[in-house]
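Student: Residue-level listing of the chains:
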Amino acid sequence: MRRPPVAVWWWLALAGAVLLPWHMQQDGLGAGSLFALFQDDPEAASAAAQAVRHGRFWFWPVLAALALGALPALLPRLGRERRGALLIAVGLAGLAAIAAQGFAVGIRGWTAPWLEALFGELDDRQFGIGIGGAVAAVGFLFQASDGLALRGAFKGDRFAAGAVALLAGAILVFTAWPMAVILTQAFGTTPEAGPLAAFADRVADRKVWGLACLTSSRSCGVAWNTLTLGFSTATAATALGLAFALIATRTDFRARRAMRMLTVLPIITPPFVIGLGLILIFGRSGVVNQLVEGLTGAQLGRWIYGAPGVWLAQVFSFTPTAFLVLIGVVEGISPAMEEASHTLRASPMRTFRAVSLPLMRPGLANAWLVVFVESLADFGNPIVLGGSFGVLSTEIFFAVVGAQTDFGRAAMLALVLLTFALAAFFLQRAVLGRRSYVSLSGKGDSGLPTPLPRPVAVLAFLVAVPWAILTVVVYGMALAGAFVRVWGRDWTPTLDHFVRAFAITTGPDGGIILSGLAWNSLGTTVTLAAIAAPITAALGMLAAWVLSRQRFAGRFALEFALMLTFAVPGTVIGVAYILTYNVPPLEITGTGIILVACFVFRNMPVGVRSGMAAMSQLDRSLDEASATLGASTFRTLRRVVMPLLKPAILTALVYSFVRAMTTVSAVIFLVSARHEMATVFIINRVINGDYGVSIAYSAALIMLMVAAIGLIQLLVGRRRLGRRQAGGPGAIPVGGRA
Amino acid sequence: MTASRTGAEVRLEGVGKRYGRVEAVKPIDLVIQGGTLVTLLGPSGCGKTTLLRMIAGLETPSAGTIRIGGRDVTRLSAGERDVSLVFQSYALFPHMSVVENVAYGLVSSGMGRRAAGERAEAALGSVGLAGLGQRLPSELSGGQQQRVAVARALVLEPAVLLFDEPLSNLDARLRRRMRDDIRELQQRLGVTVVYVTHDQSEALAVSDRIVVMRDAEIAQAGTPAELYEAPADVFVAGFMGEANILPARVTALDGAAARVEIGPLTATLPHRGFAVGDASLAVRPEAVRIGPPGAGLPGTVRRAAYMGAVMEYTFDTPVGAVFAVSHALDRPLRAGDQAGLTLADRGAVLVAS
Numbered sequence: 001m002r003r004p005p006v007a008v009w010w011w012l013a014l015a016g017a018v019l020l021p022w023h024m025q026q027d028g029l030g031a032g033s034l035f036a037l038f039q040d041d042p043e044a045a046s047a048a049a050q051a052v053r054h055g056r057f058w059f060w061p062v063l064a065a066l067a068l069g070a071l072p073a074l075l076p077r078l079g080r081e082r083r084g085a086l087l088i089a090v091g092l093a094g095l096a097a098i099a100a101q102g103f104a105v106g107i108r109g110w111t112a113p114w115l116e117a118l119f120g121e122l123d124d125r126q127f128g129i130g131i132g133g134a135v136a137a138v139g140f141l142f143q144a145s146d147g148l149a150l151r152g153a154f155k156g157d158r159f160a161a162g163a164v165a166l167l168a169g170a171i172l173v174f175t176a177w178p179m180a181v182i183l184t185q186a187f188g189t190t191p192e193a194g195p196l197a198a199f200a201d202r203v204a205d206r207k208v209w210g211l212a213c214l215t216s217s218r219s220c221g222v223a224w225n226t227l228t229l230g231f232s233t234a235t236a237a238t239a240l241g242l243a244f245a246l247i248a249t250r251t252d253f254r255a256r257r258a259m260r261m262l263t264v265l266p267i268i269t270p271p272f273v274i275g276l277g278l279i280l281i282f283g284r285s286g287v288v289n290q291l292v293e294g295l296t297g298a299q300l301g302r303w304i305y306g307a308p309g310v311w312l313a314q315v316f317s318f319t320p321t322a323f324l325v326l327i328g329v330v331e332g333i334s335p336a337m338e339e340a341s342h343t344l345r346a347s348p349m350r351t352f353r354a355v356s357l358p359l360m361r362p363g364l365a366n367a368w369l370v371v372f373v374e375s376l377a378d379f380g381n382p383i384v385l386g387g388s389f390g391v392l393s394t395e396i397f398f399a400v401v402g403a404q405t406d407f408g409r410a411a412m413l414a415l416v417l418l419t420f421a422l423a424a425f426f427l428q429r430a431v432l433g434r435r436s437y438v439s440l441s442g443k444g445d446s447g448l449p450t451p452l453p454r455p456v457a458v459l460a461f462l463v464a465v466p467w468a469i470l471t472v473v474v475y476g477m478a479l480a481g482a483f484v485r486v487w488g489r490d491w492t493p494t495l496d497h498f499v500r501a502f503a504i505t506t507g508p509d510g511g512i513i514l515s516g517l518a519w520n521s522l523g524t525t526v527t528l529a530a531i532a533a534p535i536t537a538a539l540g541m542l543a544a545w546v547l548s549r550q551r552f553a554g555r556f557a558l559e560f561a562l563m564l565t566f567a568v569p570g571t572v573i574g575v576a577y578i579l580t581y582n583v584p585p586l587e588i589t590g591t592g593i594i595l596v597a598c599f600v601f602r603n604m605p606v607g608v609r610s611g612m613a614a615m616s617q618l619d620r621s622l623d624e625a626s627a628t629l630g631a632s633t634f635r636t637l638r639r640v641v642m643p644l645l646k647p648a649i650l651t652a653l654v655y656s657f658v659r660a661m662t663t664v665s666a667v668i669f670l671v672s673a674r675h676e677m678a679t680v681f682i683i684n685r686v687i688n689g690d691y692g693v694s695i696a697y698s699a700a701l702i703m704l705m706v707a708a709i710g711l712i713q714l715l716v717g718r719r720r721l722g723r724r725q726a727g728g729p730g731a732i733p734v735g736g737r738a
Numbered sequence: 001m002t003a004s005r006t007g008a009e010v011r012l013e014g015v016g017k018r019y020g021r022v023e024a025v026k027p028i029d030l031v032i033q034g035g036t037l038v039t040l041l042g043p044s045g046c047g048k049t050t051l052l053r054m055i056a057g058l059e060t061p062s063a064g065t066i067r068i069g070g071r072d073v074t075r076l077s078a079g080e081r082d083v084s085l086v087f088q089s090y091a092l093f094p095h096m097s098v099v100e101n102v103a104y105g106l107v108s109s110g111m112g113r114r115a116a117g118e119r120a121e122a123a124l125g126s127v128g129l130a131g132l133g134q135r136l137p138s139e140l141s142g143g144q145q146q147r148v149a150v151a152r153a154l155v156l157e158p159a160v161l162l163f164d165e166p167l168s169n170l171d172a173r174l175r176r177r178m179r180d181d182i183r184e185l186q187q188r189l190g191v192t193v194v195y196v197t198h199d200q201s202e203a204l205a206v207s208d209r210i211v212v213m214r215d216a217e218i219a220q221a222g223t224p225a226e227l228y229e230a231p232a233d234v235f236v237a238g239f240m241g242e243a244n245i246l247p248a249r250v251t252a253l254d255g256a257a258a259r260v261e262i263g264p265l266t267a268t269l270p271h272r273g274f275a276v277g278d279a280s281l282a283v284r285p286e287a288v289r290i291g292p293p294g295a296g297l298p299g300t301v302r303r304a305a306y307m308g309a310v311m312e313y314t315f316d317t318p319v320g321a322v323f324a325v326s327h328a329l330d331r332p333l334r335a336g337d338q339a340g341l342t343l344a345d346r347g348a349v350l351v352a353s
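Quick note, the sequences are listed as chains A and B, same order.
Take the first sequence: its letter number 486 is residue 486 in the working numbering, and every next letter is one higher.
Take the second sequence: its letter number 119 is residue 119 in the working numbering, and every next letter is one higher.
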């Protein structure tokens with residue numbers, strides 16, 4: 001029998017409440033923090049010290065829960081069930097006490113009038129929860145999960161219970177809570193109106209839903225703009241993506257492999273690079289405009305700044321995404337179906353129309369919806385090219401950072417955007433749920449994919465090839481812009497922009513100074529992305545394991561909440577995060593923590609998906625064999641599951657690192673002077689028309705990401721190699737690896 | 001691997017499992033004596049694997065108590081029980097060498113890597129795989145993988161060894177050899193074995209006792225001979241080998257014997273508690289004696305098949321089709337031939353329908 005599993009987490013909670021400073025420390029954690037019990041400054045003291053020495057009575061419930069938690073140790077004869085119940089009670093009481101004190105007392109004393117009425121006026125205040133509070137919360141959380149496991153939940157597996165508790169807690173704090181705050185803010189009262197009336201006012205706003213553009217020259221509401229843009233982008237990108245997919249899978253076109261490279265582009269490209277390229281071509285001093293003006297004297301004007309430009313940029317940006325989805329769809333069609341059609345005397349054209357296309361229909365709908373959601377959530381292209389053409393994501397941004405900050409309006413706009421995105425998300429799930437006849441054809445199918453009927457092939461080539469060339473041109477321009485002095489006016493080749501961005505000089509004392517403009521933000525970006533990537537991958541794999549291997553009440557809800565986070569547009573997350581974490585109890589706005597949290601919870605769903613896909617390939621009996629051989633759950637995960645999931649882990653690592661480097665929509669709200677991100681730096685330069693440095697920086701980012709992907713691949717690959725050597729002849733019998 | 005202590009007794013007291021509204025295993029009482037090999041036999045979906053997994057600790061019973069060696073293990077996890085399971089798919093860890101696989105359990109329970117490696121090599125030797133330790137499981141044949149799975153389970157010297165359809169992935173010839181090896185190993189080590197299979201010949205060959213399961217409960221338990229020769233009902237008779245189920249009528253009782261009429265044929269059989277009236281008779285194919293027409297049950301050959309060692313016949317008779325095997329290969333009957341069918345001394349019993 002194992003020893004009673006109480007002690008560790010109780011001691012952890014104790015340390016959090018007694019030893020560590022409870023609140024967030026302004027200057028970070030120094031060595032002095034360790035003496036939080038003896039601090040004279042209440043803000044630097046531990047909860048116990050604050051309660052005893054500074055009369056902060058709202059910490060007593062936390063300490064009471066802690067005292068209750070000592071009971072199991074004093075009652076060694078307690079039965080398993082009762083001990084479990086006690087642990088659950090202690091854990092929940094502790095969490096409730098922490099939450100209660102955090103929400104009740106803020107920076108201006110009591111946070112609600114009824115609290116003041118109940119306890120009298122409070123001449124004190126507190127800031128956000130820091131290391132002590134976090135550690136105590138974790139301790140209480142795991143006491144509760146241990147209690148559940150003791151009572152037989154999760155087959156008595158403490159590790160599984162803890163994993164589920166951790167995931168549920170994290171989702172609650174970093175996803176559900178911010179979303180709830182958005183809702184309450186959208187219903188927030190104004191001086192003139194109550195909650196419902198204020199909400200109605202905001203929603204009915206003409207700037208959101210107005211249809212003036214149909215009848216006059218004034219612009220329509222941003223909601224309509226967003227939807228129209230989404231529809232047209234999704235339709236165009238899906239059509240182009242289908243053409244690409246058909247050529248890549250159903251023809252013997254020689255550049256097929258090169259075309260597949262296109263699919264990598266959207267992953268490694270910061271979202272405004274396309275916009276930049278388009279400006280350099282069609283902008284006022286763009287290549288095309290200059291050429292036309294030089295030849296005919298006509299001014300093409302600034303048409304690229306507005307709806308057409310944003311649309312064009314989005315179609316460029318998202319065609320590769322549609323292509324990626326549709327390659328799978330086209331390849332998923334069983335060749336046997338088409339061969340059957342041929343043997344039944346159908347012409348190639350009829351086969352394509354009557355068999356292939358209908359089989360692709362759900363896949364096409366899926367690709368369309370994927371692009372639609374991406375278009376809704378896109379922030380980089382509209383902010384660069386939008387001009388006066390506003391969409392929801394940019395309007396949200398301006399409601400927060402614009403002349404009159406209006407969080408209520410931002411929350412309402414975010415709610416509208418969220419509704420659109422979730423509607424598309426649910427539609428997509430419904431579509432995917434019904435597409436069984438495509439995926440079922442997997443096994444035992446043989447036969448060659450049928451060549452495309454000639455008219456279809458010609459059409460596909462006519463559409464795809466020019467578009468592919470154009471894409472290369474846009475990227476080429478975006479790169480070339482980094483090497484000329486002033487685009488459109490002074491074409492002298494130069495490396496000045498790189499020097500400005502990445503200069504390294506030696507200081508007077510001989511030390512190296514990173515004097516380039518970009519170093520600061522680049523360092524922050526790489527650091528935060530490198531911190532977030534392993535956390536994302538670890539949590540993602542843990543979630544994948546829990547969801548595919550554990551049965552428990554609420555499993556579906558957990559999976560659903562995880563997938564839902566993926567559908568929430570970045571701008572919505574950004575607004576929700578600043579609204580939520582601007583004030584105690586969790587006051588992390590302006591820190592690196594908020595950025596890391598944002599990266600982790602936005603990118604985790606991809607890790608979960610790839611992990612679950614890999615896990616479903618893994619025979620469950622492997623886990624069970626390990627368990628019957630006496631391995632703990634943790635050992636099973638470490639020795640059996642993780643080594644076999646390496647590819648999925650790699651995917652999650654690369655994806656979260658790269659996404660953290662390229663994302664802009666959410667982080668633009670969350671950056672601070674101390675923590676500036678590369679993408680935000682660039683976009684601010686672009687908005688100011690400073691293209692040279694932006695382009696040089698973007699090019700460097702892309703190179704950096706290619707290098708990072710290569711490096712991670714190399715690292716993971718080498719470990720596999722090491723194993724082979726250990727297993728070779730003459731090696732020590734067991735475990736060449738540490 | 002030389003220890004020949006007697007394996008632990010496994011005692012199930014009202015053990016049942018339900019998933020929501022579905023009852024996978026109805027509450028079952030069963031005692032498996034230490035050192036014996038007991039087979040759980042039944043068609044797929046009868047609950048035999050669920051029962052095995054509950055003994056292994058991979059499923060938690062929703063009712064009842066499981067005791068191993070007298071100790072209540074109902075709420076213990078798989079790793080805390082003194083049992084090992086050989087999986088149907090073998091579940092060898094594909095990323096570890098054979099010897100790492102076998103040593104895995106030893107290392108998990110705290111043994112040093114070097115000592116565990118030596119023990120694992122010895123265990124591999126005992127299943128005839130000495131020298132293959134450095135290979136990956138994918139580099140072994142199916143039969144060798146099976147042996148690795150057995151070695152991995154045995155090396156922990158469990159009190160109870162569980163097999164979940166261990167031979168179903170092997171071809172027929174190999175299956176026969178492996179089942180003999182498993183039986184031999186079990187006898188040599190004196191370990192308690194619970195063995196799940198849906199193959200009755202496998203069950204007959206290896207078992208001390210067989211537990212036939214049907215629809216989530218025990219249909220009949222007993223020695224192989226009891227089950228084959230005295231099946232409790234039509235289901236067990238049909239599952240334990242081939243059986244003709246014929247409508248019969250008990251006409252008189254005389255002590256332990258009953259006079260039974262099967263159409264025009266009469267026979268004297270043990271009455272097994274049946275009263276005078278209609279009953280079912282289970283007749284093994286080898287218990288049908290084929291004679292010249294005139295005596296016994298008249299039959300017409302519908303189908304005759306030459307199987308090498310025996311002839312297989314299907315007869316049309318007044319009481320329905322009768323399947324029979326005959327060793328008389330020198331003068332085989334042909335389709336359409338007439339014959340008179342009688343019963344041998346053994347191999348025909350009254351069963352509940």
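One or more hints might be untrue.
If the Cβ cut is set under 7 angstroms, some of the chain A residues that face chain B in the computed set are [as the list claims (entries may be wrong)]:
(1) 153
(2) 156
(3) 621
(4) 624
(5) 628
(6) 629
(7) 640
(8) 643
(9) 647
Think of the hints as simulated: they come from the structure by calculation, not from any bench.
As the structure is a computational prediction, the values presented were derived from the model and not from experiment.
Heads up, the beta-carbon is just placed ideally off N, CA and C, and yes, glycines get one too.
Student: Hint by hint, note whether the structure agrees.
Tutor: Tested hints:
Checking residue 153 of chain A against chain B by beta carbon gives a least distance of about 10 angstroms; that is not within 7 angstroms, so the hint is violated. The beta carbon of residue 156 of chain A is positioned within 7 angstroms of a beta carbon in chain B (closest approach about 6 angstroms), and the interface hint is therefore held. With 7 angstroms as the threshold, the beta carbon of residue 621 of chain A comes within range of chain B, its nearest partner Cβ sitting at about 4 angstroms, so the hint holds. Restraint check, residue 624 of chain A versus chain B: the minimum CB separation of about 5 angstroms is within 7 angstroms; hint holds.
For residue 628 of chain A, the interface hint holds, the least distance from its beta-carbon to any beta-carbon of chain B being 5 angstroms, beneath 7 angstroms. Residue-level restraint check for residue 629 of chain A holds (minimum Cβ-Cβ distance to chain B is 3 angstroms; threshold 7 angstroms). A least Cβ separation of about 6 angstroms between residue 640 of chain A and chain B falls short of the 7 angstroms threshold, and the interface hint therefore holds. Among the interface hints, the one on residue 643 of chain A holds; its C-beta lies about 5 angstroms from the nearest C-beta in chain B, closer than the 7 angstroms criterion.
Against a cut-off of 7 angstroms between C-beta atoms, the interface hint on residue 647 of chain A is violated, since the closest Cβ of chain B lies about 12 angstroms away.
Hints 1 and 9 from the list above are not met by this structure, while the remaining hints are.
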